[in-house]
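Chemist: Each chain, letter by letter, is given below.
There are 2 protein chains.
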Amino acid sequence: MFSFELQAVCPETGARAGILHTAHGDVETPVFMPVGTQATVKGVLARDLLNDVDAKIILSNTYHLFLRPGHETIRKLGGLHKFMAWPRAILTDSGGFQVFSLDQLRKVNEQGVLFRSHLNGDPHMFTPESTIDVQMALGSDIMMVLDECLAYPSSHEAARFSMERTVRWACSAYEHYRRVGGDGMRACFPIVQGSMFADLRRICAEKFLELDADGYAIGGLSVGEPREMSMEMTEVTAALLPKDKPRYVMGVGMPDELPEYVARGIDMMDCVLPSRNARNGYLFTRQGRVIIKQTQYKDDPAPVEDGCPCYACRSFSRAYLRHLFLAGEMTFSTLATLHNLQRYLDIMRDIRQAILLGKFPDYLKARRQSAS
Amino acid sequence: MFSFELQAVCPETGARAGILHTAHGDVETPVFMPVGTQATVKGVLARDLLNDVDAKIILSNTYHLFLRPGHETIRKLGGLHKFMAWPRAILTDSGGFQVFSLDQLRKVNEQGVLFRSHLNGDPHMFTPESTIDVQMALGSDIMMVLDECLAYPSSHEAARFSMERTVRWACSAYEHYRRVGGDGMRACFPIVQGSMFADLRRICAEKFLELDADGYAIGGLSVGEPREMSMEMTEVTAALLPKDKPRYVMGVGMPDELPEYVARGIDMMDCVLPSRNARNGYLFTRQGRVIIKQTQYKDDPAPVEDGCPCYACRSFSRAYLRHLFLAGEMTFSTLATLHNLQRYLDIMRDIRQAILLGKFPDYLKARRQSAS
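Protein chains in written order, with the numbering used here: chain A, 1 to 372; chain B, 1 to 372.
Next up, chain A with everything else stripped away, as it sits in the complex:
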C-alpha cells in the first residue's frame, strides 16, 4: 500500500524527513530521483543503480515509453519494473512536459493535447484519462496527472486560463484514477501550475486540496525563470499543501539548490542534470565542479573527488577519466554518471540526516556559505 510517513520537521525551516512506503519498497525522503527517460538511466545498468548508487526510486517518462516501445508492449512483458529489471519504486510523469516541449507538433484543447511523435510524425492524443491508463500499463508506483506546462514568461491571463484547464484536467484524471487505479497500491499526484504568479499557484493548490490526493507535485518550474522565482513559487505553493502528503518539485535542480528546495518543505525532486552533465564532462564534487577536459587534469592521479565512495573515484584518476572523455569512450559517461548520481544522493542523505538530528539549519547555513 502507498503511504507517506512524516518522521521529522525542522521547526526553523519546515524541512521534512519522511518515508514513502510503496509496493516496490520504502523511499526515504527528502529524495532525489535519477531520471531513466527511456526505461534506462543513460549509461548506467540497473544493477549499478541498485548496488552502487543505491537509488530507491527513479523517474521514467511516459511520453517516451508511450511512443517506444509502447505501453501495451511493456504491459504485456510484465510492466516497467520487470522490463527494465528495476525492483524498486518508479515514478512516471504524465507526458505533459514533454508534449509541451514539442512546440510546433502539438495542439491543446479542452479534451487534451494532440501531438505528433518526434520519432516519426505519427499523430497521437493525450487526455487526462489516457495518460493515467498509460501509466497504469507501465505499472508506475507514483503517477502524475496530465498538466499544461507554460513557457516562461507568460501573461497572467494566459497563465490563469492554462492553470484553470490544468485543474479541470486534474479533476478528470483523478476521478479516472480513483476508478481504475485507486486500490491504494500506487499513488497519483496532481501538478500545481500557475506560471510565476503566486496568486495563481495559491488558487491551483487550494483547488487540489479538494482532491485529497496521495501527494502533490509542483510543475512549470525550471523553464528559464530566475532562481529566486522558482524558490518563491515553491515556497508559496508548499505552504498551502497538506503536511501529511509528499511534495514533489519537478525537474530540479543544481546541487546547491537541493537543500534550498528542502528548506521550502519539498520531499522529492528529479532532474537530468547529474546524468546529462556527467556525459558532457561536468562532475560535481563537494569542492565544486570538475570540468574533466581541462588540461590541468592531464596527469592528475587524484580521483575526481577525494573520499567519494563511487566506483569511479575508488578506482580511477582524473587523468584516466579525462582520457576516456577525450577519446569519446562510453565508459566515461558511465563512470561520470555513477559519480554525479552518487554526489546527488549523498547530498540528499546528508540533508535527511541533518533534519533527523535537528541540525538542518546549520547544514543549510554551511552550504550557503560554501556556495557563495
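None of these hints come from the bench; they were simulated from the model.
Note that the structure is a prediction, hence the values are computed from the model and not measured.
Because identical chains cannot be distinguished in the list, a pair is counted as satisfied if it fits within a single copy or across any two copies.
Calculated cross-link-like contacts (lysine to aspartate or glutamate; reagent style EDC-like; alpha-carbon spacing at most 20 Å):
1) Lys365 with Asp350
2) Lys245 with Asp212
3) Lys243 with Glu206
4) Lys107 with Asp122
5) Lys82 with Asp299
6) Lys207 with Glu235
7) Lys76 with Asp300
8) Lys245 with Glu235
9) Lys82 with Asp306
10) Lys76 with Asp133
11) Lys207 with Glu164
12) Lys76 with Asp299
13) Lys298 with Glu72
14) Lys365 with Glu235
15) Lys293 with Glu72
16) Lys365 with Glu228
17) Lys82 with Asp300
18) Lys243 with Glu210
19) Lys298 with Asp122
Once you have looked at the hints, place chain B on chain A.
Modeler: For chain B alone, kept in the frame of chain A given last:
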C-alpha cells in the same frame, strides 16, 4: 615471471591446453582476449570485465595509447594496469597494424615507419626499439615487436621484401627487449608475416626460432583473404613453431573459427568482433546470430540466449534489448558486449575443457556440423 605451461595436446589435431603464467596472474589457454583499444573495452567497466566476463587477459593498442594519452603519461600514473584499474594480464600490440592501416599518412623505411597521427596530423616515428620502449612504459605483460602488415593481395616479391624487413626489425626489437625488458617479468613475441605465401611464412617462422622468443604471433591475417587461406597460413606457420611456447593469431575471429584456430595449434586470439558486433546489434548465441533490431523480437520476453549466465540474459528480454538498441541507449552496447564476450569466453572454456578431457575431436566435429 612469465612462462608457458603446456598441459595437454590433442593427439588427433594438435590442439593445446596450457597456462600462461604472468606477473598479473595465470591465463588458461586457449584464450580469447577482449580488445580494450584505448585503455577500456568499449562500453564495459573494468570491474565487469573482471567479475562478469572473467577475462584473464585483455589486449590494448600501443598506437592509440602512444598518441593519447601518451605512454609517458601512463608510465607516470603507474602503468596501464593501474591507469585502467585492470589487475590482470595485458597484451599490447606493437602499433604496426594500426600504423599500416593509416595508408596515406605513413612512410616506411629501413629504420621504421613514419606516420601522421589520425587525431591531429602530428608526425611520429615508430622504430623496432621505440615500440618496445612504449610498451615497457605501458607496463605490458606481453609485448609485440614492430612488424610490417601488408594489404591483401600482395605479390610474392613485395611480400618477401616486406617479410625480410619484418625479420630484421624483429631482431633489432628483440635485442633491445633483452636489454631493457628481458628480466623475465614479461614477454615479447615476434610476429610471423609473409602474406598468403606458405614459403615466406615458413622462412619467417624459421628465422624467428633463432630468437628463442617467449612466444610467437602470426600476423597479417584477417586482412580480407578467404578463410581457407587464413587457416592454411596458420597451419603452415604453427607447425614450425616450438611446442613449448605460446602461439597467438592476431585479430581473429568469428565464433565458429575459434575452434578451427585451436585445432591448428593456436593458444591465443583477439578480435574486436564480439564488442563491435555487439554495438551494432549483432548478438552471438549457441543457436546462431540474433539481429536484435528485427521486428520478431518486438514483444519477445525470452533472453537473448536461454541458459546464458551473462547479466543481460539473466535480467532482460530481447524486447528490452531491442528497445534500448532502437532508442540508441548506451546501456544497449554495454549489455550486448557483456553477452558477446561471455559467449566468446564460454566457447574458449568449452574448447579448453574438451582438450583436457581428450574430447576435442568430438567437440570440433559437433561444432562443424552445427555451423554447416
